[in-house]
Amino acid sequence: MTPVKMEQTIVTPDQRLISPMTLTQAPKGYHFSLYTLNHDVNTLQFATRHEKLQHLRLHGLNVLNQNSNASFIRQYVIGVFQCKAVFTYVSHDQTVWLAKGKLQTPKRFHLVRPADKNKEAKVMERLAVRSVYALGWDYGVVRLGKGTQGKSIVIDVIARPKLNTYMTRAFQQAFDNYATRIANLVPNTSELLLGTDPEFILVDASGTLKLASRYFSRRGAVGCDAIWQGSNRHNKPLVELRPRPSSSPRELIVRLYRGMLLAAKKINDPNVSWLAGALPRSGLPIGGHIHFSGVPLGSAILRALDNYVTLPLVLVEDKRGLKRRPTYGFLGNFREKFHGGFEYRTPPSWLVSPTLTKGILSLAKLIALNYPFLTYWPLRDVSVQKAYYRGEEEVVKSIVPALWREVRRLPQYAEEQNALDPYYDYLMSGKTWDESEDIRQKWRIPPYHTVKKK
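UniProt numbering puts the first residue of the sequence shown at 1, with every later residue one more than the last.
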């Protein structure tokens with residue numbers, strides 16, 4: 001295919017970044033959001049800085065309070081394109097005061113080279129990426145401050161910032177790279193690898209938490225997550241299943257089940273219950289992270305996963321788990337993996353049910369293979385985002401049938417139909433999972449195993 005090109009240069013004559021940006025010769029059938037980046041539908045819905053910051057607050061970000069004074073030890077200016085920071089500048093100046101939200105730009109900034117990025121700079125980059133994504137944008141420049149109390153604060157997000165020469169080159173390279181790879185966003189079935197590391201916790205008959213680190217090491221097919229409880233870093237409460245990745249959701253689920261059997265053998269105590277979901281114990285949010293290899297990270301695939309994998313779970317979640325978001329269950333939560341690929345971290349731990357597990361992993365495969373061709377994106381609507389964060393079941397219930405019509409037309413649906421049809425029935429059943437229920441029962445893990453003919 002002929003390389004995709006821009007319809008225009010990326011900066012205006014006065015050196016402002018152009019928004020939106022349109023690509024030509026995009027593959028046939030792609031949704032417009034993949035070749036018209038920063039569409040006006042998204043950038044113009046937040047007309048003022050106040051509106052942008054209010055929206056970021058919905059997504060759990062710390063933002064500048066425009067009605068009170070603030071002071072920052074340092075400020076950052078970070079360029080973001082498609083879920084990556086393309087440049088980072090930090091101020092030379094020491095404490096900078098902002099009177100009731102009035103912007104005061106430090107006089108001197110310097111570029112932070114990749115080799116010089118400390119932990120603070122990396123945290124700021126993640127917040128910048130999260131801010132651009134939360135606004136529904138594909139690119140922009142984010143101003144942040146490190147507060148005197150240690151908080152990282154979003155000050156502003158700008159779609160059409162003025163750029164210096166280095167910034168222009170960085171954005172140009174990012175645009176060019178995207179234009180080059182847009183024709184190859186969709187992997188072949190054989191190229192896609194799915195992985196996962198869902199979590200659960202352990203409690204005894206009295207409801208007392210049992211530490212995962214009592215039974216498991218950090219590494220292995222079943223291990224304890226890195227999070228610790230209290231002041232002792234060796235006290236790790238979360239059990240994590242780590243099956244080998246597979247291109248087949250069914251094979252991945254078989255490996256998950258084997259991991260659960262191994263966990264039962266290591267724990268060797270029928271009176272220790274296993275709890276999953278979003279927040280089975282106050283202060284211990286858990287997740288059902290899904291790993292993707294062979295498919296490029298970008299805002300479009302994250303939005304597809306948010307819309308098709310995460311949003312419908314509002315219908316079946318235990319309402320006690322609502323408190324997990326937006327701190328952990330925020331939309332577009334991801335982490336790049338050192339070995340390549342990325343981890344989608346928004347969903348709760350779907351181990352509560354085999355039906356849920358089979359449906360979500362099968363759906364994740366279909367979305368990864370087809371996301372550029374999807375046409376229904378309800379989370380573009382701010383009211384639907386609010387419904388997700390607030391757990392407004394009736395709003396989501398009116399949306400899921402249309403989402404599922406999109407899913408059913410995908411070419412691989414028939415391959416995964418045995419998992420997806422029961423999953424959809426479960427979503428629309430009106431039932432919710434119970435985070436206090438021992439997941440071993442539904443998975444038939446000892447002592448709840450039975451001999452059953454297929």
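Calculated directly from the structure, the hints in this document are not laboratory data. A few of these clues could be false.
Unchecked claim - DSS-like cross-link-like pairs, simulated, lysine-lysine; straight-line CA separation at most 30 Å:
no., residue 1, residue 2
1, K122, K146
2, K210, K162
3, K397, K431
4, K442, K319
5, K210, K319
6, K337, K122
7, K117, K84
8, K146, K119
9, K442, K266
10, K323, K210
11, K162, K119
12, K386, K122
13, K151, K162
14, K151, K337
**Message:** Tell me the hint numbers this structure goes against, listed in increasing order.
**Reply:** 2
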